[in-house]
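K.L.:
With the sequences and hints as input, model every part of the structure.
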Amino acid sequence: MTVARNGGLFDDGPAAEDKLRTLVAHVDGGSRGNPGPAGYGAYLTETDGTMVAELCDFLGVQTNNFAEYSGLVAALEYAIKHGYSAVKIVSDSELLVKQMKGQYKVRSEALLAIYNEARALVRKLDRFEVRHVLRHLNKDADRLANLAMDRGMGKVSMERADAYAKPPAAPAEVRGFVRNGVVEFTGEALPEGCYVRVRREKS
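Sequential numbering from 1 applies to the sequence shown in our numbering.
Calculated directly from the structure, the hints in this document are not laboratory data. By construction, the Cβ of each residue, glycine as well, lies at the ideal position given by its N, Cα and C atoms. Certain hints may be false.
Pair by pair, the computed Cβ-Cβ distance ranges are [as the list claims (entries may be wrong)]:
id, residue 1, residue 2, range
1, GLY49, LYS19, 31 to 41 angstroms
2, ALA53, LEU137, 11 to 21 angstroms
3, ALA113, ASN34, 11 to 21 angstroms
4, VAL61, LEU20, 35 to 45 angstroms
5, LYS19, HIS136, 25 to 35 angstroms
6, LYS19, MET153, 40 to 50 angstroms
7, GLU94, ALA120, 17 to 27 angstroms
Result set (DSBU-like, lysine-lysine): computed pairs, CA atoms no more than 35 angstroms apart in a straight line [claimed, not checked]:
id, residue 1, residue 2
8, LYS124, LYS19
9, LYS105, LYS139
10, LYS101, LYS19
11, LYS105, LYS81
12, LYS81, LYS98
13, LYS98, LYS19
14, LYS139, LYS81
P.N.:
Spelled out as structure tokens, the structure:
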């Protein structure tokens, strides 16, 4: 089994995605009040964990469940528009996951249209998977959903929201030196979690 940086959430068996271009999407949605001011977030990566895009939007007054589905639809639309033929969805909404798997029926009239929209988008893909995780494993999508709600409620400006939505880009090159076997970088700080490769320069 191939374990990518999706934390082993998906079983990448012998088919190994059948050479399909695959998008991994952490999605979330919420409302402050139910219904209330609502927003969704979608954190999109390649299968190796490289971030592709961050999506978020304010939805006006909606329910939590509608906001969750809005994040799913946004991720599916992005995948289809950008040429992905397989999508792996990660959500902390047990209702959404079980409804998309056909384990629960959609009993809410308010959700039926957006559920059908999601199903129609899924039919355009060659492969679709959805997994349920606990909220602490869905932090990036939760951050984006809350950002959308803050923006819609006037708690943060559009400019600040766009800045907060995206982590700072790592500088293309940094310099440093080795002290007691530890590399110490000089100059610009590196963002938390970025990948680095160290190459020795000639003296």
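K.L.:
It remains to establish, for every hint, whether it holds in the given structure.
P.N.:
Structure-based check of all given hints:
A C-beta distance of roughly 19 angstroms is found between GLY49 and LYS19, which places it outside the suggested range of 31 to 41 angstroms. For the pair ALA53 and LEU137, the supplied restraint of 11 to 21 angstroms holds, since their beta-carbon distance comes to about 20 angstroms. A hinted range of 11 to 21 angstroms for the beta carbons of ALA113 and ASN34 is consistent with their spacing of about 19 angstroms. Restraint check, VAL61 to LEU20: a C-beta distance of roughly 38 angstroms satisfies the suggested window 35 to 45 angstroms.
The supplied range of 25 to 35 angstroms is met by LYS19 and HIS136, whose beta-carbon atoms lie about 33 angstroms from each other. Taking the beta carbon of each, LYS19 and MET153 are about 44 angstroms apart, inside 40 to 50 angstroms as hinted. Look at GLU94 against ALA120: about 23 angstroms separates their beta carbons, and that is inside 17 to 27 angstroms. At most 35 angstroms may separate the alpha-carbon atoms for a hinted pair to count; LYS124 and LYS19 meet this at roughly 17 angstroms.
Between LYS105 and LYS139, the direct Cα distance comes to roughly 28 angstroms. Compliance with the 35 angstroms bound is thereby established for this hinted pair. Proposed proximity of LYS101 and LYS19 is supported: the alpha carbons are some 24 angstroms apart, at most 35 angstroms. Among the hinted pairs, LYS105 with LYS81 is consistent with the structure: their alpha-carbon atoms are about 29 angstroms apart, no more than 35 angstroms. For the hint pairing LYS81 with LYS98, the CA-to-CA distance comes to about 26 angstroms; that is within 35 angstroms, so the pair holds.
Our distance criterion of 35 angstroms between C-alpha atoms is met by LYS98 and LYS19, whose separation comes to about 27 angstroms. Restraint check: the Cα-Cα separation between LYS139 and LYS81 comes to about 25 angstroms, which is no more than 35 angstroms; the hinted pair holds.
Consistency note: the structure conflicts with earlier hint 1 alone.
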